[in-house]
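2 protein chains.
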Amino acid sequence: MNTTQLIQQILKKKSFLCIGLDTDLDKIPAFLLAKEDPIFEFNKAIIDATHHLAVAYKPNTAFYEAYGLKGWQALEKTINYLNTNYPEIFTIADAKRGDIGNTSSRYAKAFFEDLAFDSVTVAPYMGKDSVEPFLAFQDKFTIMLALTSNQGAFDFQTQLIKNEELYKQVLKTSLTWENSAQLMYVVGATKAAYFKEVRSIVPDSFLLVPGVGAQGGSLAEVCKYGMNTKVGLLVNSARGIIYAATDTNFAFAAADKARELQLEMQKILTEHKFI
Amino acid sequence: MNTTQLIQQILKKKSFLCIGLDTDLDKIPAFLLAKEDPIFEFNKAIIDATHHLAVAYKPNTAFYEAYGLKGWQALEKTINYLNTNYPEIFTIADAKRGDIGNTSSRYAKAFFEDLAFDSVTVAPYMGKDSVEPFLAFQDKFTIMLALTSNQGAFDFQTQLIKNEELYKQVLKTSLTWENSAQLMYVVGATKAAYFKEVRSIVPDSFLLVPGVGAQGGSLAEVCKYGMNTKVGLLVNSARGIIYAATDTNFAFAAADKARELQLEMQKILTEHKFI
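Top line first, the protein sequences correspond to chains U and X.
Residue numbering for the first sequence follows our numbering, starting at 6 and increasing by one per position.
Residue numbering for the second sequence follows our numbering, starting at 6 and increasing by one per position.
Note that these hints are calculated values from the structure, not bench results.
Hints are not guaranteed to be accurate.
Which copy is meant is left open, because identical chains are indistinguishable; a pair holds if it fits in one copy or across any two.
[What the hints assert, rightly or not] Below, a list of computed lysine to aspartate or glutamate pairs in the EDC-like style, where the Cα atoms sit at most 16 Å apart:
{"hint": "1", "residue 1": "K145", "residue 2": "E276"}
{"hint": "2", "residue 1": "K114", "residue 2": "D29"}
{"hint": "3", "residue 1": "K114", "residue 2": "D31"}
{"hint": "4", "residue 1": "K75", "residue 2": "E118"}
{"hint": "5", "residue 1": "K18", "residue 2": "E265"}
{"hint": "6", "residue 1": "K19", "residue 2": "E269"}
{"hint": "7", "residue 1": "K82", "residue 2": "D252"}
{"hint": "8", "residue 1": "K201", "residue 2": "E226"}
Let's have the full structure, built from the sequences with the hints guiding it.
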């Protein structure tokens, strides 16, 4: 997928919603646990009920790895289901990977080829040669952590290097890497005031924004400072949507919550004259 | 496993060698490809041939994830084989994970409970609440990236924050985290001159040292500056050992290379009066 297709989807669906598939057997409806693959059944129901309201889905690999082989199988089935039934959807493996060059190539192969995700999240600590192997894949996106939504973001990301926060150095440095046009960045909604700073460095890139809802970030604030001329935002919500209810109506309840966010997004897209 | 047991094993085997199981179907002996699970068969042969020379094994998860479900299955079989047959061995999941708190807990569950590794490598970029969930597991170790062996290490890790390199801030800050005694650190052998600096901050911690051999780091240099009063080093070699030969004698060839390194280590342990 390329960004033109992603933007077309955003304008068509009037939404820049990404739904986080952080599927946890302790939180999904109990009646699903009797199924052969409860994780996949849950994801399938959520996807079927919300695919017209969301432009992206983001399984976090931690939730799948925690269940070992069965979890990895459920992840594989989920991405295959998305790619087969909703090929227009932008898919994100939220894996936060990163290693030395030849090893990062292996991770890229795992997520871009074996699982056929459109994008993967990566961590920047190991620098250029840990990220460039991901960028070598055409029409695939690498979403690098810049400023995350958690409290620990203040431990290192906002520390000053030559009078400039580390996350800004990360953003600036990444622009010098080969195929940097294939980069997107994670910027937490809980840090809305920073979006202006981020946009001054990466005006054109898409930003993946976690932390709206459960973690307390405001959608309006994020859009005010984070939108660019091509929307440029994918706003993620996980728990607030997928665990809206735990009875047999859980998928409808998830769709209701997704619709609420989509309508907020539609309003913002209208105000910004995108639609 | 606790550090006393690890040190006992080091003194008994006269070795602080860690063997990296970066198993790549393009590099293993071709005759193994006819087997049902070539990755596991390769690992098993390497482990059986070298277990008396090494104190730790470190599968890098990227190499397993690249083969999808079959790869994850081979990883599971490998750790089970180690835990069943060589329970004294210290096992490291080289996964370089890290996410917001509740998600890091999932990764910790995946590697410490589901796969039952003794330790896992993590990335520090997301700070305290991304690492502490790993530290909550008793008798398990969290090996945090400090100064890595690749060229990209100079992009951010050695940048100055308040006149001190980022990797030093990472080391110092981590000491304030809950259960920090469960931390070890990755310090690349290619940066031997930095070991003195590292030891001034974390005198007591074990360091996992990649980059000896294929990446060009010197064992003698690393030991000169990196050893502490309890040895405190696990030196990793992967390609140099496991791909020593690609014919039917590959396991013997691997054992030969491991023996070479073990003898170098024995000499150093003698010189430092550990044995």
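| message | Check the structure against each numbered hint from earlier and tell me which ones fail, lowest number first. | response | 1, 7
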